[in-house]
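Chemist: Take a look at the letters that make up each chain.
2 protein chains.
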Amino acid sequence: MSSASTPDFAFPVAARYAGMASSPLKDIFSLAARPDVVSFAGGIPDPSLFALGDIAECYDWVLRERGTRALQYGVSEGEAELREQAARRLSRELPTDASQIRVTSGSQEGLFVAAEALIEPGDVVLVESPTYLAAVQAFAVHGARMVGVETDDGGVLPDALDAAIRAHHPRLVYLIPTFQNPTGRSMSAQRRAQVADVLRRHDVPLIEDDPYGELSFDGERFAPIASEPGMSSRTLLMKSMSKLMSPGVRIGWIRAEGPILDTLAVAKAAISMQSSVVDQLTVARYLETKDLDAHVATVIEVYRERRDAMAQALTGRLPEGAHLTRPQGGMFLWAALGEGWDAQDLLADAVSAGVAYLPGWSFFAEDADRSTMRLSFVTHSPEVIADGVGRLGEVIARRG
Amino acid sequence: MSSASTPDFAFPVAARYAGMASSPLKDIFSLAARPDVVSFAGGIPDPSLFALGDIAECYDWVLRERGTRALQYGVSEGEAELREQAARRLSRELPTDASQIRVTSGSQEGLFVAAEALIEPGDVVLVESPTYLAAVQAFAVHGARMVGVETDDGGVLPDALDAAIRAHHPRLVYLIPTFQNPTGRSMSAQRRAQVADVLRRHDVPLIEDDPYGELSFDGERFAPIASEPGMSSRTLLMKSMSKLMSPGVRIGWIRAEGPILDTLAVAKAAISMQSSVVDQLTVARYLETKDLDAHVATVIEVYRERRDAMAQALTGRLPEGAHLTRPQGGMFLWAALGEGWDAQDLLADAVSAGVAYLPGWSFFAEDADRSTMRLSFVTHSPEVIADGVGRLGEVIARRG
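First to last, the sequence lines map onto chains E and S.
Note that UniProt numbering numbers the first sequence so that position 92 is 92, with each residue one more than the last.
Note that UniProt numbering numbers the second sequence so that position 33 is 33, with each residue one more than the last.
Careful, some of the hints might be misleading.
Since copy identity is lost for identical chains, a pair holds within one copy or between any two.
[Stated by the list, open to error] Keeping only pairs whose Cα atoms sit at most 20 Å apart, straight-line, the calculated SDA-like set for lysine to any residue is:
# : residue 1 : residue 2
1 : K290      : G230
2 : K290      : D60
3 : K290      : E220
4 : K290      : R64
Hints were generated in silico from the structure; no laboratory data involved.
Quick caveat: nothing in here was measured; it's all calculated off a predicted structure.
The task is simple: from the sequences and hints, build the whole structure.
Modeler: Take a look at the structure:
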């Protein structure tokens, strides 16, 4: 994407971005964007499911009824209406006041704001192994060292977390307890209580990232770890409208308690002053006047069917000894092909055969299982999924 | 703004934000927001001048004609249409290709992205004395030490810049050459050439911040320093739609050349993934189909009249020996009351008398002239300006 001309001057690049001029994932996404490739690589909502009419109506209302305010400077904390709506929605899981909400331009900015506010160079951040790549980046550019904590199909292992805290004295722990990216796994209520107990005991703060929790396929809702006794004051709970309403609108929020709220607002101001007031007021209007739950219910129907289609298509197509997660919600399946397989090596053949996925190595802070792959089931119809998985199965069979 | 409850847990705050829980400016803005106070404190465009109808039409078009794309994930570099329009507009001053544009969520994010990409802890950043406060903050949280360079009414002094570069070996120089915030001053073509010569000679990169350049009251347009020979590859040129179209929409861009463009995109992705696609496509549509120059021309008419009203009202109302800038554009007048005056001390009396301004000390990296104040002339009508300045004059007279 850089200019064709070779400049006569080389800008000094900060060490935090040295060698990061091109990300390997970007190259994968470019490959996956080829029109002849069925891509399971991205976590891209199906645009045909967007509530476009409702959202357009809300933009129209905001510009007609709140126009001059929407176009004017706002406040770093976020617009009052949106914070009210966010608090109302969150209060179904955890009593929340609007004053405890900080609006961010999507969850990515939320993670970055939190990292700005909390992390010193050299700090250790404990993460699930594997965990969400872009969160790792937001922490890493602040000089944090990520240490992965062992997980099973029920999420992070409390004993492993306890041992890692003792060994590494982390600044914070970052978890995605529900329909995790990349694995699709969720932590049970019991596991959450155990994890909360460990965190409380060691007085270690938690960043709880929950962009997928409402995409539950079987009606089961998991209360956030922040709602465990004593945990609400120790947790920055991150929410996003990207997976529920629209990723293009870039609106999310952080729930927190106490003085850290002020630091979050100062950090947000330093980073971007405030989020788009037009977008904030539109999302507030949407949450106030439209039925997000009903919309999410229609999305879930479709995603459930696609998860089933992908799980079924994969049956018998993975190598013997492979492990596949069985997510009850969210957007991702996670496959470990097992000993001797390298999903990154396999990708060139897969793309040649017309199918793409995200190699799993990039989701590990350390000791990557290179046999893993993340497969998003939300973007394509069951037919396209079956076709793509079929192609993947052939590539695996040829290599097997 | 923090929660009323006292939490049982104190989050660790990173040193970069230690002691920054509440900014003194925030308190001033709260005071200034009192309905009985005529505030010249903020740099707030007059909302009655927004091209609300045109902007609403563009949002409507984007949601009708590009709806699913506007609501979907975009790319960190920015949407192609917006980069095209930005390049077309910039090319009037400096030949620019769309590939040389990186979209940001307003200039503040532009400054933060640039700081992320370039600054190492301990680096020196040379700035005008005085300079824009929020830029200083974006650099400071990256561990930079700001060193102010002497200025006169023609901007930064080339010899002083040369000496400061020799003395401090700065990572970069940050300048606002046109209608500067906070002083309203502009650098002449000759001064720009001299400054460019110094920067080229020492091979020091420049961040050129230009949010006000198009708000020229007498038709004179200043070419950016980036357009001086050899400077385009050494400069990150920052533009913003906040002062021309709307601050609430939060769209700006950086122009750069060469490999740093890739680093800027990676940093932007780490910070916020991408800017609101809805807002980006709307601004692109606005620039493509509406006449921003004609809109700016109507805004300039009003601002010029207000600058004149404020300059006239201040005549004879400042203490003997005071110095007042005579900006040819932009949003701010800058007054130095002179020896023995402290504008921060004076503020309480001013607010009691129903008028507010921004004390100038906060705009200095070091050796603040505490007798200075920034007065924005854009928010109020000439009548309200005359009234507010009259009140300020009485406060000064009482103290004099």
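Chemist: Check K290 against E220 for me: Cα-Cα at most 20 Å, and say if that holds within a copy, between copies, both or neither.
Modeler: Intra 23 Å, inter 50 Å, cutoff 20 Å: neither.
Chemist: If the cut is 20 Å between Cα atoms, do K290 and R64 qualify within a copy, between copies, both or neither?
Modeler: Both: 18 Å inside a copy, 19 Å across copies.
Chemist: When no copy is specified for K290 and G230, does a C-alpha distance of 20 Å or less occur within a copy, between copies, both, or neither?
Modeler: neither (34 Å within a copy, 55 Å between copies)
Chemist: For K290 vs D60, is the C-alpha pair at or below 20 Å within one copy, between two copies, both, or neither?
Modeler: both (14 Å within a copy, 19 Å between copies)
Checked against the numbered hints above, the structure violates hints 1 and 3; every other hint is satisfied.
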